[in-house]
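Peer 1: Spelled out, the chains give:
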Amino acid sequence: MEDPYTKEELYAIPALKPDWALIHVQKSDPQGNAQILGNQQFDVEMTRAAQKGVILTTEKIVGSEEIAAEPERTTIPGFLVKAVVEKPGGASPCSCHPYYGVDKTEMSRYMTLTQSQDGLREYLESTDESHAQDAVTK
Amino acid sequence: MEDPYTKEELYAIPALKPDWALIHVQKSDPQGNAQILGNQQFDVEMTRAAQKGVILTTEKIVGSEEIAAEPERTTIPGFLVKAVVEKPGGASPCSCHPYYGVDKTEMSRYMTLTQSQDGLREYLESTDESHAQDAVTK
Amino acid sequence: MGSRLASLPEHVIRAGNQMAVTLSRLIEDGEKVFHGVNSPLPMIAIFLAKKRHAPNCSLIEVAGSVDPKPRFMPNSTADPELCHGAASMFYNPDMYDLFARGGVDMAFLGAAQLDKQGRANMSYIGDPFQPKVRLPGGGGGAVIMPQVKRTVIWRTVHDRRFLVPRVDFSTQSGRLSHLVTPIALFEKKSTGLEIASVHPGHSVDEVIENTGFELERPSVVAQTHAPSAEELGALEELDPDGVRFTEFRF
Amino acid sequence: MGSRLASLPEHVIRAGNQMAVTLSRLIEDGEKVFHGVNSPLPMIAIFLAKKRHAPNCSLIEVAGSVDPKPRFMPNSTADPELCHGAASMFYNPDMYDLFARGGVDMAFLGAAQLDKQGRANMSYIGDPFQPKVRLPGGGGGAVIMPQVKRTVIWRTVHDRRFLVPRVDFSTQSGRLSHLVTPIALFEKKSTGLEIASVHPGHSVDEVIENTGFELERPSVVAQTHAPSAEELGALEELDPDGVRFTEFRF
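Residue numbers (my numbering), protein chains in the order written: chain A, 1 to 138; chain B, 1001 to 1138; chain C, 2001 to 2250; chain D, 3001 to 3250.
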């Protein structure tokens, strides 16, 4: 479409409007005020785009004072967050800086198995769920 | 104008395109990789909008290693910066967290004098320039 | 009570406290609340609401911090102390984006002129090319007022220069909900701004006399609840230096 | 030389090193350079350029870091090691904004299909409703290619399935500058992609034979400069584990 000021021809791209954003973070307080360390890729944008809110998994839930001591790092505000789940290792087999890198063995298993529907089922059934914990729903 | 997707009536606001952004920061390396502590208001957006580049004044110039040790805090990339000036107290009489707060006496003097053209001249002539330093032009 | 506070005239103290609690009571628990720059009264009102009836409301500071825990109340609402202990940072692009998505419940904004239909002037008084007064401009007001769920306008003077039949320029308008002045609380109805209640010590005649636009005289004049002892105690604790009185001239 | 590297066939090592140096030489000092996801070869090429002829070029990582100093070369270009020691962070919204303002000099992008006019397919092969292959999609390619000053496309295979008369779908097109494959360097001219030079050990016939679109046979066939001893030494030092060979299949 035409830029009304410069008359230049521009593209208008419709906004993505997800209902929910599911984000894994390094640190969150119980209210969902959360810090991402290292690269954040699109995570922060996803938290803003989610219409119904954000569901956080976090390496650890820490006290609000610890989060509030470094406000510049707290890019996810609790008022956008609907639930916080403490789930150490929750990003695995992907990485979570500085806690762990990519689990290459598990990633290969995932990529091999998920080439077929049967393999996908096998992968899902064999994936360790022992760490699952109850959500802290706000 | 009309949103081509939702048909909603929207406003199109023309972008501001300043030539330069002049920003005072707490810390910068000689390349202009810089960190703002505390509130950053519009400063980061201004660095992105400047067409010709950014001129930084900084409380102190530090080594690149010190900046690189905390990349998440480095929101102004050196490749946007054309010059870095070390100027401790450069934000005064306004505040620069955590180094100094607002200088209320000087601020009152400014607000009183600058109500007239003559006062503005008096203010400018009486303002301490002894801290002025040479720019580190990249 | 701070030394500065001791030197304030009684009527300013009464008006400041009445305005702070009246603004504060408009906030509901859990809401996301914003105030503009140079807004010591709304800032104190929000901290008061958080301390009392709305502990889970979120204050989004114009400079980017959310729910700061300042060690003292700064005179300027752009003071870096308003970053201290913040629960998170939510910078301007995020904030305007949240306004655009209808995610902000309430905004406290100032105005130099306001008319019955809720048009607010922050631009100029008089001839646009040779203005009598050049005002600071609306900041984000022109996009905030149409997008926020409700706007509350406040001003520490109530006179016919402020409340005018028609603004010289409409800098911003939109979802106005209430107006709070030193003498009354107004609510925006389909007919425009109308008296909701008159503050203790003031009369409906005084309000009508000092308002430049037409007002319907209420058949029963409600009186704004005076600050309770608990509210006054909380205000004193929050703001011992009387920052809430900064914008009053006397 | 890492143990994994010792097991690689000679022709892969030759092709990988040749591609790395060929990509690297396209970067000029002081440029702002971007590469897409899953791009180990361009990543190594940029680090090589920074180490040698373009110390002041800036690498903007897709995940947000600028000029990282990784302690090892990660297999994945989304690895958090690519945040270590970064000179600054420049996240996606900033990056796309910089593309839109014409502030990025070069982007290295991949493609599953490419035609002579520089249209790249990253979407699907075959019938759009029942695709033979569903590709990963272009990511930001569709806005990067028209906005960056120049795009270099790279791929570790050179065959008629990749270089086609016409792409099944044009995911992205725009300012294509060069194409680098294991056997040749192409340049985009007004006529479309043409052979710029053929890598040592390969012939122009092999290039034409394995290219699905029409090619003008050059009257004089230039040979790509082989990696110098210095370039090979720098590559070995940068990438002792041979991450640059990751995308080769054999």
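The set of hints was computed from the structure by calculation and includes no laboratory data.
Remember, it's a predicted structure, so these values are computed and weren't measured experimentally.
Treat the hints with care, as some may be off.
As the list claims (entries may be wrong) - What follows is a set of in silico ranges between Cβ atoms, one per label pair, in the way DEER data are often shown:
1) B:Gln-1115 <-> C:Tyr-2096: 19 to 25 Å
2) D:Ala-3226 <-> A:Leu-22: 45 to 51 Å
3) C:Gly-2102 <-> D:Glu-3187: 48 to 54 Å
4) B:Met-1107 <-> C:Pro-2055: 30 to 36 Å
5) B:Ala-1069 <-> C:Pro-2055: 21 to 27 Å
6) D:Gly-3137 <-> C:Arg-2071: 23 to 29 Å
7) A:Tyr-11 <-> D:Glu-3214: 39 to 45 Å
8) D:Gly-3137 <-> A:Leu-113: 20 to 26 Å
9) A:Thr-6 <-> C:Pro-2009: 53 to 59 Å
10) B:Gln-1115 <-> D:Glu-3028: 36 to 42 Å
11) A:Ala-15 <-> C:Gly-2137: 27 to 33 Å
12) D:Gly-3137 <-> A:Ser-116: 37 to 43 Å
13) D:Val-3133 <-> C:Pro-2055: 51 to 57 Å
Quick reminder that beta carbons are idealized off the backbone N, C-alpha and C, glycines included.
Peer 1: Is the distance from the Cβ of Ala-15 of chain A to the Cβ of Gly-2137 of chain C consistent with 27 to 33 Å?
Peer 2: holds, 29 Å
Peer 1: When you take the CB atoms of Gln-1115 of chain B and Glu-3028 of chain D, is the distance between them in 36 to 42 Å?
Peer 2: With Cβ atoms ~53 Å apart, the hint is violated.
Peer 1: Is it true that Met-1107 of chain B and Pro-2055 of chain C lie within 30 to 36 Å of each other by Cβ?
Peer 2: About 34 Å separates the Cβ atoms of Met-1107 of chain B and Pro-2055 of chain C, which means 30 to 36 Å holds.
Peer 1: Quick check: does the Cβ-Cβ distance between Gly-3137 of chain D and Ser-116 of chain A fall within 37 to 43 Å?
Peer 2: About 22 Å separates the Cβ atoms of Gly-3137 of chain D and Ser-116 of chain A, which means 37 to 43 Å is violated.
Peer 1: Look at the Cβ atoms of Gly-3137 of chain D and Leu-113 of chain A and judge whether their distance stays inside 20 to 26 Å.
Peer 2: The hint (20 to 26 Å, Cβ to Cβ) holds, given that Gly-3137 of chain D and Leu-113 of chain A are roughly 23 Å apart.
Peer 1: Could you check the hint for me, namely that Gln-1115 of chain B and Tyr-2096 of chain C are 19 to 25 Å apart, CB to CB?
Peer 2: violated, 33 Å
Peer 1: Using the beta carbons of Ala-3226 of chain D and Leu-22 of chain A, state whether their distance is inside 45 to 51 Å or not.
Peer 2: About 49 Å separates the Cβ atoms of Ala-3226 of chain D and Leu-22 of chain A, which means 45 to 51 Å holds.
Peer 1: Can the suggested window of 23 to 29 Å be confirmed for the beta-carbon pair Gly-3137 of chain D and Arg-2071 of chain C?
Peer 2: violated, 50 Å
Peer 1: How does the Cβ-Cβ distance of Gly-2102 of chain C and Glu-3187 of chain D compare with 48 to 54 Å: does it lie in that range?
Peer 2: The hinted range 48 to 54 Å holds for Gly-2102 of chain C and Glu-3187 of chain D, with Cβ atoms some 51 Å apart.
Peer 1: Is 39 to 45 Å right for how far apart the beta carbons of Tyr-11 of chain A and Glu-3214 of chain D are?
Peer 2: Given range 39 to 45 Å: violated, Cβ gap about 31 Å.
Peer 1: Mind checking the hinted window 21 to 27 Å against the Cβ distance between Ala-1069 of chain B and Pro-2055 of chain C?
Peer 2: Cβ of Ala-1069 of chain B to Cβ of Pro-2055 of chain C: about 38 Å, so the range 21 to 27 Å is violated.
Peer 1: For the hint 51 to 57 Å, verify it against the beta carbon of Val-3133 of chain D and that of Pro-2055 of chain C.
Peer 2: holds, 56 Å
Against the hints set out earlier in the document, violations occur for numbers 1, 5, 6, 7, 10, 12.
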